[in-house]
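Protein sequence lines correspond, in order, to chains A and B. Residues 1 to 323 in our numbering are what the first sequence spells out, letter by letter. Residues 1 to 336 in our numbering are what the second sequence spells out, letter by letter.
These are computed hints drawn from the structure, not numbers from a lab. Ideal Cβ placement from N, Cα and C applies to all residues, glycine included. Among the clues, some could well be false.
[Claimed, not checked] Okay, the calculated beta carbon distance ranges per label pair: (1) B:GLU16 - A:ASP314: 38 to 46 Å; (2) B:GLY98 - A:GLY256: 32 to 40 Å; (3) B:GLU16 - A:ASP302: 52 to 60 Å; (4) A:ASP314 - B:GLY40: 30 to 38 Å; (5) B:GLY39 - A:ASP133: 25 to 33 Å; (6) A:ASP58 - B:PHE133: 44 to 52 Å.
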Amino acid sequence: MQLSREALLQAYRRMKIIREFEERLHNEIATGEIAGFTHLYGGQEAVAVGVCEHLDNDDKIVSTHRGHGHCLAKGCEVEGMMKEIWGSSEGLCKGKGGSMHIADVDQGMLGANGIVGAGAPIAVGAALAAKLDGKGKVAITFSGDGACNQGTTFEAMNLAVVTKAPCIFLFENNHYSEHTGFRYAVGTKDDIASRAEAFGMKVWRGDGTDFFDVFDTMREVLDYVRAGNGPAAVEFDTERFFGHFEGDPQRYRGKGELERIRKERDCLTKFRESVTGASLLEASELDAIDQEVLDQIDNSVDAARSAARPTADDVTTDVYVAY
Amino acid sequence: MTKMMYRDAIRSTIFEAMEQDDSVVVLGEDVVGGMGTDGGPEAIGGIWSTSTGFYDAFGADRVIDTPISESAIVGAAGGLALAGKRPVAELMFADFIGVSLDQIWNQIAKFRYMFGGKSTCPAIIRMAYGAGFNAGAQHSQSVHHILASMPGLKVVMPATPADARGLLREALRGQDPVIFMEHKMLYGMEGEVPDGDYTVPFGHARLARAGDDVTLVATGLMVSRCEQVADKLAEEGIGCDVLDLRTVSPMDEEAILDSVEQTGRLVVVDEAPPRCNLATDVSAIVAQKAFASLKAPIEMVSAPHSPVPFALELEQAYLPSVDRIEQAVRKVTGWQ
Numbered sequence: 001m002q003l004s005r006e007a008l009l010q011a012y013r014r015m016k017i018i019r020e021f022e023e024r025l026h027n028e029i030a031t032g033e034i035a036g037f038t039h040l041y042g043g044q045e046a047v048a049v050g051v052c053e054h055l056d057n058d059d060k061i062v063s064t065h066r067g068h069g070h071c072l073a074k075g076c077e078v079e080g081m082m083k084e085i086w087g088s089s090e091g092l093c094k095g096k097g098g099s100m101h102i103a104d105v106d107q108g109m110l111g112a113n114g115i116v117g118a119g120a121p122i123a124v125g126a127a128l129a130a131k132l133d134g135k136g137k138v139a140i141t142f143s144g145d146g147a148c149n150q151g152t153t154f155e156a157m158n159l160a161v162v163t164k165a166p167c168i169f170l171f172e173n174n175h176y177s178e179h180t181g182f183r184y185a186v187g188t189k190d191d192i193a194s195r196a197e198a199f200g201m202k203v204w205r206g207d208g209t210d211f212f213d214v215f216d217t218m219r220e221v222l223d224y225v226r227a228g229n230g231p232a233a234v235e236f237d238t239e240r241f242f243g244h245f246e247g248d249p250q251r252y253r254g255k256g257e258l259e260r261i262r263k264e265r266d267c268l269t270k271f272r273e274s275v276t277g278a279s280l281l282e283a284s285e286l287d288a289i290d291q292e293v294l295d296q297i298d299n300s301v302d303a304a305r306s307a308a309r310p311t312a313d314d315v316t317t318d319v320y321v322a323y
Numbered sequence: 001m002t003k004m005m006y007r008d009a010i011r012s013t014i015f016e017a018m019e020q021d022d023s024v025v026v027l028g029e030d031v032v033g034g035m036g037t038d039g040g041p042e043a044i045g046g047i048w049s050t051s052t053g054f055y056d057a058f059g060a061d062r063v064i065d066t067p068i069s070e071s072a073i074v075g076a077a078g079g080l081a082l083a084g085k086r087p088v089a090e091l092m093f094a095d096f097i098g099v100s101l102d103q104i105w106n107q108i109a110k111f112r113y114m115f116g117g118k119s120t121c122p123a124i125i126r127m128a129y130g131a132g133f134n135a136g137a138q139h140s141q142s143v144h145h146i147l148a149s150m151p152g153l154k155v156v157m158p159a160t161p162a163d164a165r166g167l168l169r170e171a172l173r174g175q176d177p178v179i180f181m182e183h184k185m186l187y188g189m190e191g192e193v194p195d196g197d198y199t200v201p202f203g204h205a206r207l208a209r210a211g212d213d214v215t216l217v218a219t220g221l222m223v224s225r226c227e228q229v230a231d232k233l234a235e236e237g238i239g240c241d242v243l244d245l246r247t248v249s250p251m252d253e254e255a256i257l258d259s260v261e262q263t264g265r266l267v268v269v270d271e272a273p274p275r276c277n278l279a280t281d282v283s284a285i286v287a288q289k290a291f292a293s294l295k296a297p298i299e300m301v302s303a304p305h306s307p308v309p310f311a312l313e314l315e316q317a318y319l320p321s322v323d324r325i326e327q328a329v330r331k332v333t334g335w336q
């Protein structure tokens, strides 16, 4: 699938924003300035962007613990997210959500989720709403190889098949659920997608470190689901550059593993090599984006640092619309 | 006024809402019933007969018969609500909240708060609760106290057909997630239901009986038992205020405190087991805020701290009885 120059530049920019957002958080968290748990998405950017470039605000996604990439790819604003992670009342969720619970329903982003496997049933509901509206919209639930073992995922897959909901079960297999390996924790061993096949779904598989493979695969998946064929599943093999949570020393990693995946399986490097090798974009254009993104992330961190803090009065607001 | 049964009040209210508002969607196990069988759709029409005829009227996209998968039902209701629909999900038995608790408690109850108030989740989760059908420990529980402890949920417990209709209409107009708890012993109860566009606001108790000597606070099936006690004791000149809370979150603290300040005595009747239940909650509020009004120690009439038993005799002993409520009232009115 040939993409326009503008589309290529936009895809690269979005992947780069996620990467730098994560790298910057990785550094800032180490200084102790940010409170709470943070789970970084870095390494998996090609999946979030390769998927969300096909979507508009009326298509819904439901995300995971590792939700920053999905949020940014779906159009949540960088500064609002940074402020949210800093716990500011100016954050996207007024500091009530934090890293694990960022949402922007207007953008079709129905929430990162602190509970592994909780997103799939919610996505089925959003898909049923889309089916009712009959406008060819879809809902996508992102799950990792951890969530694929939760019963909620199975319930949701079966319900989606039964109701022919336009729901896509998207598994990002980064080989680790928390600190436990895929080849131990997933009984099917070879893959996750075959589970979805057992529920009667058509299934796709792709390389989650290759933006073009993700993008092209998702076009097929989305065409199939938007055409009213019911749900589908797709599994992307990908890499997690960071630990389960920030501060995780990653003692479970193999010797040289992190260096190897950074060198051989970095979706940004692959994208850059692919587009410059094919003379679709100039390296200098990408370098310019790199600098712009770094500046944008710098600015967002500065804004988050100086943003307003919530007060004790805010604790009990927004529990109900009216009580 | 129209005379109707509790179950029909619920059924007709949802049916009318579906006629009036395309965004209202029903989902749950056997809400259609007969799907995938030789008997065909509508062979059952909901096990509580609260959705009979819906499928034929509104079709499969709005009357979604689900497999047995409570987490998926509640989660899908959440997703439907976030996507602009107004789902009315049926959990069949309240006991099954255990299977779906994450979706109730960590998801639909918390969306609005976690998302900074920028979204609403108007999902209604209906469930039949309560003992009295010899259905045993996993199909008879009263779980309102557990759900009422969760911020973000509203917990509604109609005790009459009129309230079933008025409170459900209110739930269908609100923007918050609502747990709508229907006592299974009340489905066949008949009563007068006001005609027209009738709603009952949440957080306003109903004074089921008026009297000067003691305040009885109850919900659901226990309300009619308190009324029986009040009627009996009225003949002896003992006056009971019977407050039907109607909703336990929000809870009408003001009505409770006003009544206790008048009567000076409190009996709280709760079908749930006694640890951290509604009776302990109401008692604590009164002890804290109306202590000076009390002329006698508060009495709590709850189920024992046991699972709900199966055998007829055991279940009767489990549920707070008219006799036990009467004894409690006599204890507080006779206290020296």
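Going through the hints against the structure:
1. One distance hint, 38 to 46 Å for the beta-carbon pair B:GLU16 and A:ASP314, holds here, with the actual separation near 39 Å.
2. Between B:GLY98 and A:GLY256 the beta carbon distance is about 46 Å. The supplied range of 32 to 40 Å is therefore violated.
3. In this structure, B:GLU16 and A:ASP302 meet the distance hint of 52 to 60 Å, their C-beta atoms being roughly 55 Å apart.
4. Taken as a hint, the range 30 to 38 Å is violated for the pair A:ASP314 and B:GLY40, whose Cβ atoms sit roughly 54 Å apart.
5. Evaluation of the 25 to 33 Å hint for B:GLY39 and A:ASP133 yields a pass: the beta carbon distance comes to about 31 Å.
6. Between A:ASP58 and B:PHE133 the Cβ separation comes to about 45 Å, which falls inside the hinted range of 44 to 52 Å.
This entry does not satisfy hints 2, 4, going by the numbered hints stated previously.
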